[in-house]
Amino acid sequence: MRISALPREEYLLPGNAACHGCASSMCLRTVLKALGKNTVLIVPASCTSVYQGMFPNSAIAVPVFNTAFASAAATASGIKASLLQQGIDANVVVWAGDGGTYDIGLQALSGAAERNEDIIYICYNNEMYSNTGIQRSGATPYGAWTTTTWSGKKEHRKDVAELMMSHEVPYVATASAGYLADLYQKVKKAKKMEGFRYIEILSPCPPGWRYPMEKTVEIGKLAVETGMWILYEYEEGHFRLTGVSKAIAEGRRKMKDIGEYLFAQGRFAHLSDGDVVKIREYVEDRWRKLVKMESDMHAASAKFYV
Amino acid sequence: MKSNTTRAVRIITGNQAAALAAKNAKVRVVAAYPITPATPVVEELSKMVETGEMKAHFILVESEHSAMAACIGASAAGSRTFTATSSHGLAYMHELLHYATNARTPVVMAVANRAIGPGWNIWADLSDSISQRDTGWMQFYCSDNQEIYDTIIMAYRIAEHRDVLLPAMVCYDGFVLSHTAMPIEITDVNDFIDEYHPVWRLDFDEPSTHGNILPPDYFMELRREVCEAHERALKVMKEVEREFYEYSGRLTPLILEEYRLEDADVAMVTMGAISSEAKIAVDELRKRGVKAGLLRLKAFRPFPKQEVVEKLGSVEKVYVFDRSVSPGFDGQLFSELKAVLWDLRSPPEVYGRIVGLGGRDVTSRVFEKAVLGELDKKWVMEVIY
Amino acid sequence: MGEKLGKKWEIRFHGRGGQGAVTASKILAEAAYLSGFEAQSIPFFGAERRGAPVMAFTRVSYEAIHERSQVYTPDYVIVLDPIILDAVDVFRGLKDGGSIVINTVKSPMDFQFEQGSLLVATVDATGIAIKNNLLVAGTPVVNMPMLGAFLKIFSHIELETLEEVVMKKFGKNGKANVAAVREAYESTVVEKVRGSGKPSTEDVRRKRAVTMPVSTPSPGVAGRTRFWRDFRPEVDYDVCSNCLSCWLHCPESAIQRVGSRIEIDYEFCKGCLVCSAVCPKKAIRVSREVVV
Ligand SMILES: Cc1ncc(C[n+]2csc(CCOP(=O)(O)OP(=O)(O)O)c2C)c(N)n1
Ligand code: SF4
Ligand code: SF4
Ligand code: SF4
Chain H
39 MRISALPREE YLLPGNAACH GCASSMCLRT VLKALGKNTV LIVPASCTSV YQGMFPNSAI
99 AVPVFNTAFA SAAATASGIK ASLLQQGIDA NVVVWAGDGG TYDIGLQALS GAAERNEDII
159 YICYNNEMYS NTGIQRSGAT PYGAWTTTTW SGKKEHRKDV AELMMSHEVP YVATASAGYL
219 ADLYQKVKKA KKMEGFRYIE ILSPCPPGWR YPMEKTVEIG KLAVETGMWI LYEYEEGHFR
279 LTGVSKAIAE GRRKMKDIGE YLFAQGRFAH LSDGDVVKIR EYVEDRWRKL VKMESDMHAA
339 SAKFYV
Chain A
-6 MKSNTTRAVR IITGNQAAAL AAKNAKVRVV AAYPITPATP VVEELSKMVE TGEMKAHFIL
54 VESEHSAMAA CIGASAAGSR TFTATSSHGL AYMHELLHYA TNARTPVVMA VANRAIGPGW
114 NIWADLSDSI SQRDTGWMQF YCSDNQEIYD TIIMAYRIAE HRDVLLPAMV CYDGFVLSHT
174 AMPIEITDVN DFIDEYHPVW RLDFDEPSTH GNILPPDYFM ELRREVCEAH ERALKVMKEV
234 EREFYEYSGR LTPLILEEYR LEDADVAMVT MGAISSEAKI AVDELRKRGV KAGLLRLKAF
294 RPFPKQEVVE KLGSVEKVYV FDRSVSPGFD GQLFSELKAV LWDLRSPPEV YGRIVGLGGR
354 DVTSRVFEKA VLGELDKKWV MEVIY
Chain F
15 MGEKLGKKWE IRFHGRGGQG AVTASKILAE AAYLSGFEAQ SIPFFGAERR GAPVMAFTRV
75 SYEAIHERSQ VYTPDYVIVL DPIILDAVDV FRGLKDGGSI VINTVKSPMD FQFEQGSLLV
135 ATVDATGIAI KNNLLVAGTP VVNMPMLGAF LKIFSHIELE TLEEVVMKKF GKNGKANVAA
195 VREAYESTVV EKVRGSGKPS TEDVRRKRAV TMPVSTPSPG VAGRTRFWRD FRPEVDYDVC
255 SNCLSCWLHC PESAIQRVGS RIEIDYEFCK GCLVCSAVCP KKAIRVSREV VV
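Chains as they are written, first to last, in the numbering used here: chain H, 39 to 344; chain A, -6 to 378; chain F, 15 to 306.
Do not rely on the hints blindly, as some may be mistaken.
Only some residues are given here: those of chain H computed to face chain A with a beta carbon under 10 Å [to be verified]:
{"no.": "1", "residue": "Q90"}
{"no.": "2", "residue": "P101"}
{"no.": "3", "residue": "V102"}
{"no.": "4", "residue": "A106"}
{"no.": "5", "residue": "V315"}
{"no.": "6", "residue": "W325"}
{"no.": "7", "residue": "V329"}
{"no.": "8", "residue": "S333"}
{"no.": "9", "residue": "H336"}
Simulated from the structure, these hints should not be mistaken for lab results. Heads up, the beta-carbon is just placed ideally off N, CA and C, and yes, glycines get one too.
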């Protein structure tokens, strides 16, 4: 798509309190362009609750309701129910970090997904708790340094996007700050659908991941190019890889070595060769699993139609 | 004898009364999670919503934490909301109880009072709601099922009043009221309570951000505003009480109820269902020549300081009965009452008794014996009948 | 120590997130303690953002320090970064007759203020940091040289004591820091400067009722974020193909589409340089933000 097709309206106003090169703010800006003014944003405790600014001012120009850390999906359910009762049609959208999604907010998220609430839940995944100063979360990858995993995290991350697919909600998509046009289109698509829609954005964080501020987009791209982050869509039961991930799966692009991604970031600087092998294996396993999922899906639908 | 056939009287439990009140109060969003002894409220409401008898959206949340979060969101988006819970469920909501107050969302909640474990105890005890005392919610304690119905309806009028904008919990003893059926009048309140007209709500034309960072420069202003709203609520409560009386013919107290207190030497002070038993004791004691009276506190928050001082200003002795306790101190009502009476030039002697925890039954004999000086310990352990 | 009883100094640091104002306040407290004083170091309470204005405080006293509140009327002010001078009023509350140390290439006489007179000390700490190779991610770190400059006007702590603490704190970077401390100490220029002597009586404390915790959208919630900028992106319109990539990626909404071209809003651009990094034409040049 042409970038010029994106609306000029800004709903994330300049002069906010996000760090230099913050992918979360970068993506929120794009997401709000896709959603438009008829949107209410539900924000649990996170960096976003800080960078939107302090009373009596706000950096976000659509209605925002800030809620408790664990409560984003539940609060959104309430807001949607209320608007429905009043006959108001609006996009009810959660904007939450991975802490508010993977960890403390998981129960409410799972509940809302299972009830198929008519909301869009967007997780900007910076793979840690940034707001409280870089602590591990359930989304932190193996080996990453945080202030609660000083010598590197000992466990692999969990995957809530996959968990959402197993909830069989109408729409699940992954995106990356490296590909904003793709993000824009996925949000646009989600907006047109009904029921529970989940979008997870890999959202690099310069101070937390320890890379120079201008490299946010590059890191977002490298994650996908190395297979660390996989772009896909799951739509009404159909799974497919998208964008660069699809190109790699189809052999149109070569997957880059994981080291290019890892060693561009200070949080992985201490990794041993063994650690890198471990991460590579994990990435390859996941990659195979998702590629297989796509081909199984094709096989199944082919069988169905003959 | 009054005619029992012409009025809309039904013999129902406290929980049913709560559910019907929510329906008749034009609640449009319910989010609730089951817990004994409040579960029947949840079941009743879901049935009424499913059959279309109640025009509302029921969010079948996965926890009480989410129930309150959903109510807060729905309220902020412009709907009248309701939930019901008890005990562990209420404790689990704690974070969001504070949230509802500062958010100024007038959510109303029924609380079937129950103890908190371990060990698991599902029976009457006010500790669950009393320990939410400082969350900024208005709290009303009922002593019969009619009161549950009336109070929930009136609670919306108070909570949503532009001078108040505070959430409210309407509490009633688990099982003792929640599961006991009594005849109550299901007054049609259509003209008493209108559809919800929020003072503030999410607005798409003039977007604003609710609840972002409130720095030290402003936070105290908000908290003071909440406290002043509690003070203003007392005035609003008097108006609503009067209006409801004119509307229904029932004087259902919102602040306090007194019984034979005018000329009393000894006053008993109670909250909740045990207050009813205490009335029996008043009559018994009077027969024996003891000039006893009863002051039942209906509102625990806002605490009607002025009114309590006026009522107890001329008695010699006060016995306070708490169906809850603050470990490390005393019964909470006892402590607060003493604090209030401190303002008097010559305050009465005040004694505190802890009764009925975890569903231990409380009979009129307990009150009688306490006033007669036959129960001189703080803890009343025995069931006396 | 009889005549010293009751003697107490309050020092306020101004810096920008990431410049080490908080570290400086702590090291000063440590050096003061080693010199036999009671000391206290108070950090900025809140989410510190790189580049955003921050404050920190140090109290030094002959007696036990019972204050737990912030410092409102400091005896000394230390300004780590010249950009701060435009962003906040660093003279606010500074006692008449007090002292201020500023990292600047200007001279003491160049500063105006409302106090009757102040001891103004200036030092090119940025230059000294660069010279001594005190750089983190290409940015000069001036907090230690600024402490050296401070000791020029604060005689109660020996330079050697400060150097000892700095050495311990910085390990292998200790030597370079100590060298910078000493160089700053030696090159600091101190002068007594007269001010207007007419303090404004305006009460800056805000008074308002807050019924609902509800805020209104407006740009600049974090202030004029141009003060966060160390690097300045500039579009070379001769090279720019108007592909809009920079516009799409600016995290700050600080690039606007004006007519048929893009323009950078320098009031709010934080200088993250994402725009420059994503420009396929290399049309966005980067220069260090000039500071006079
Ligand atoms: C119940 C509760 N526990 C802890 C916190 C403190 N807290 C606020 S934000 C946060 C981390 C948020 O992490 P994430 O959701 O990943 O968002 P990010 O900060 O990365 O944007 C924590 C732990 C809180 N606000 N509430
Ligand atoms: S810490 Fe990371 S996520 Fe948070 S505002 Fe800064 S860059 Fe963005
Ligand atoms: S440097 Fe570029 S991308 Fe960064 S805020 Fe400024 S204009 Fe936007
Ligand atoms: S990215 Fe470069 S070429 Fe494209 S519009 Fe911006 S400055 Fe021009």
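Status of the Q90/H interface restraint (C-beta, 10 Å, chain A): Since chain A brings a Cβ to about 5 Å from Q90/H, closer than 10 Å, the hint holds.
Should the interface hint for V315/H be scored as holding, given a Cβ-Cβ cut-off of 10 Å against chain A? violated (40 Å)
Interface hint status, V329/H versus chain A (Cβ within 10 Å): violated (33 Å)
Restraint satisfaction for S333/H [CB to CB of chain A, less than 10 Å]: Violated: closest Cβ of chain A sits about 35 Å from S333/H, beyond 10 Å.
Hint check: 10 Å Cβ-Cβ cutoff, H336/H to chain A: At 35 Å from the nearest chain A Cβ, H336/H fails the 10 Å test, so the hint is violated.
Interface hint check: V102/H, Cβ to nearest Cβ on chain A, cutoff 10 Å. Holds or violated? With a minimum Cβ separation of about 4 Å from chain A (threshold 10 Å), the hint on V102/H holds.
Holds or violated: is there a CB of chain A closer than 10 Å to the CB of W325/H? This interface hint is violated because 33 Å lies over the 10 Å limit.
Regarding the hint that A106/H lies at the interface with chain A, is the smallest CB-CB distance below 10 Å? Since the shortest Cβ distance to chain A is 6 Å, the answer is holds.
Status of the P101/H interface restraint (C-beta, 10 Å, chain A): holds (4 Å)
Of the hints listed earlier, those the structure fails to meet are numbers 5, 6, 7, 8 and 9, in rising order.
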